[in-house]
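Enquirer: Each chain is listed here by its residues.
There are 2 protein chains.
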Amino acid sequence: MSAATTTTNVDPKIIDGRIISADIKKDIKIQVEKLIAQGKRAPCLVVILVGDRPDSHTYVRNKKKTASDLGFESIDCLLPGTTTQQEVIDIVKKYNQDEAVDGILVQLPLPSHINEASVLNEIDISKDVDGFNPINIGSLGMRGRNATFQPCTPRGCIEMLDRSGVEIAGKKAVVLGRSNIVGLPVALMLMNRDATVTICHSKTPDIPSQVKQADIVIAAIGQARFVKKEWIKEGAVVIDVGMNSVDGKLCGDVDYVNVKEVASKITPVPGGVGPMTIVMLLSNTLESSKKRQNYYLSIYISIM
Amino acid sequence: MSAATTTTNVDPKIIDGRIISADIKKDIKIQVEKLIAQGKRAPCLVVILVGDRPDSHTYVRNKKKTASDLGFESIDCLLPGTTTQQEVIDIVKKYNQDEAVDGILVQLPLPSHINEASVLNEIDISKDVDGFNPINIGSLGMRGRNATFQPCTPRGCIEMLDRSGVEIAGKKAVVLGRSNIVGLPVALMLMNRDATVTICHSKTPDIPSQVKQADIVIAAIGQARFVKKEWIKEGAVVIDVGMNSVDGKLCGDVDYVNVKEVASKITPVPGGVGPMTIVMLLSNTLESSKKRQNYYLSIYISIM
Ligand SMILES: NC(=O)C1=CN([C@@H]2O[C@H](COP(=O)(O)OP(=O)(O)OC[C@H]3O[C@@H](n4cnc5c(N)ncnc54)[C@H](OP(=O)(O)O)[C@@H]3O)[C@@H](O)[C@H]2O)C=CC1
Ligand SMILES: NC(=O)C1=CN([C@@H]2O[C@H](COP(=O)(O)OP(=O)(O)OC[C@H]3O[C@@H](n4cnc5c(N)ncnc54)[C@H](OP(=O)(O)O)[C@@H]3O)[C@@H](O)[C@H]2O)C=CC1
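Protein sequences, first through last, are from chains A and B. For the first sequence, the numbering used here assigns the number 8 to the initial residue and increments by one for each residue that follows. For the second sequence, the numbering used here assigns the number 8 to the initial residue and increments by one for each residue that follows.
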């Protein structure tokens, strides 16, 4: 019961990604067990990694460990940095066709000789557990459409808000960053949850005055301790997606120690959004597996 | 030379959609003539209309007239309100396969027994000149992606800003409305042009204070004369997409007469965004036709 142990001495201001992700993991594990008890196979995730970036390898190793802890099948496809774009695409296509594979993730960044969009576009939309396909991103913001998968880090941010009892509807949210994988999708998801969203980026002239209006701040710019205490409205909720290395130590995009004084809730780095991303990835893979294996249908039949 | 005639006595504050659209029409007409001079066929647009809403029929008639004036081929497919979803989809599929068709537009709204998304999703992305496919909408906001077509009304808004010399990059833009066809795509397009964008909607508690910050206001909510003078920052540019009928007269979402006093530029209704939409549709169809007929390739070969 690691979640219970860690809840002692918890600072009520801190949105603790370790505790929340541990709760979700427990739930995922139970669901995987149920799936298997129904005679289905374990959910299976393929991770494709090209090149030898140490950070990417660490990240992929963590994914594999968590996947295995939760009862997932996982296939790591580690390719040399010299792999051609066509070779990567051919591998993606192979796993697209493999009915025993539920999710395909291509670890980013890819080496510069490979076009990211060309590879990502090849992933079958029903296996795009990272949710980076433009169809998914478009559907996130559109009325009457449902994204097949919500991108993992943005979904992690929303889960943290929800599980901390933070109201989103009717609130003012300011998102710092507009990247395909964090800023843009999290902004669309907040909008779809009825927040009034402002998206800031490197061409925004007055970030402090924008942030000052926010009930919810999402910082995803990759600039160490960029967001200052003076910019934060008293009682705002601050989600720090940033992962920056300063003097060999990990820190976020928010000046945590000082901002914490005025925020009503805040995520630390490490131990905030970071642990959520992998869990959301596995959650998406589980959902994909259930659909692929007609889990809902078999439950329905067994109830009838 | 209707454009020249209308430019006399022009109020410098008014962004005149009639003049701008007439300029673009002239250009489109010349391009169609060049296409045909190259031995290609005229661009061809199919409009599918289900049911007998008078406003939709008027709109489709206007499209046909403008298309024909500019040298386009246009096919109107007028279907009774009783047409089934599958029948509409079958017609879309037929035109998808027809190489002589460059653009397919399904007039919205569809009757309530037809699912809008299911029909729109069937339109071949290379003929989706309305640009409503989620891939297009996602690509509008994503870095490193290009939408095949920019949705017509949002593109009309951006063209009006550009052709009036309004700087977008670095400016604060407030978009009122988040619909799939106007609010959301125009917000993404402004963001991609480096504006800092806030999207407001019916759950935004303090629209006046949001609008007050805007250098550029786009109003697309369908509420007659909703935006008031007091909400507008001195010198702001106001684009009014609204088309509302009040006492049998067309008016916009902006209290035009009063807002005009503080705005530096403003679009009237009628005569603002309205005339732009059809022109942008034909411009998208022309681009589609050029690609489909390898126009750029043949120009390249003739230069070589
Ligand atoms: N916790 C997790 O699991 C994850 C963490 N991250 C972390 O989140 C951060 C953002 O990642 P990602 O979105 O991929 O980064 P990108 O580099 O792709 O995007 C950064 C965004 O921030 C904007 N930006 C950069 N500098 C500034 C500035 N000084 N002021 C305002 N805006 C600025 C950029 O603006 P413009 O568009 O104008 O260039 C861009 O939109 C990184 O620290 C990354 O490590 C990312 C993914 C997962
Ligand atoms: N000039 C042209 O060619 C075109 C003009 N139009 C016109 O533009 C207007 C908008 O069209 P469309 O986008 O299709 O409309 P929709 O009805 O699809 O969307 C309206 C949007 O406005 C928001 N809204 C409605 N009332 C309010 C309010 N009181 N305060 C704040 N937000 C509000 C809604 O919020 P929520 O999401 O919360 O419901 C919604 O996002 C209409 O007048 C339409 O006729 C449209 C297309 C083309």
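Just so you know, these hints were derived from the structure itself, not from any lab. Treat the numbers as computed from the prediction; the structure is a model and nothing was measured. Heads up, a few of these hints could be off.
A pair counts as met if it fits within one copy or between any two copies, since identical chains are not told apart.
Stated by the list, open to error - The calculated lysine-lysine pairs, modelled on PhoX-like cross-linking and capped at a C-alpha distance of 25 angstroms, are:
(1) Lys267 with Lys32
(2) Lys272 with Lys210
(3) Lys47 with Lys298
(4) Lys219 with Lys240
(5) Lys240 with Lys210
(6) Lys71 with Lys219
(7) Lys267 with Lys298
(8) Lys101 with Lys235
(9) Lys32 with Lys240
Enquirer: Of all the hints numbered above, which does this structure not satisfy? Sort the numbers upward.
Expert: Those not satisfied are hints 1, 6, 7, 8, 9.
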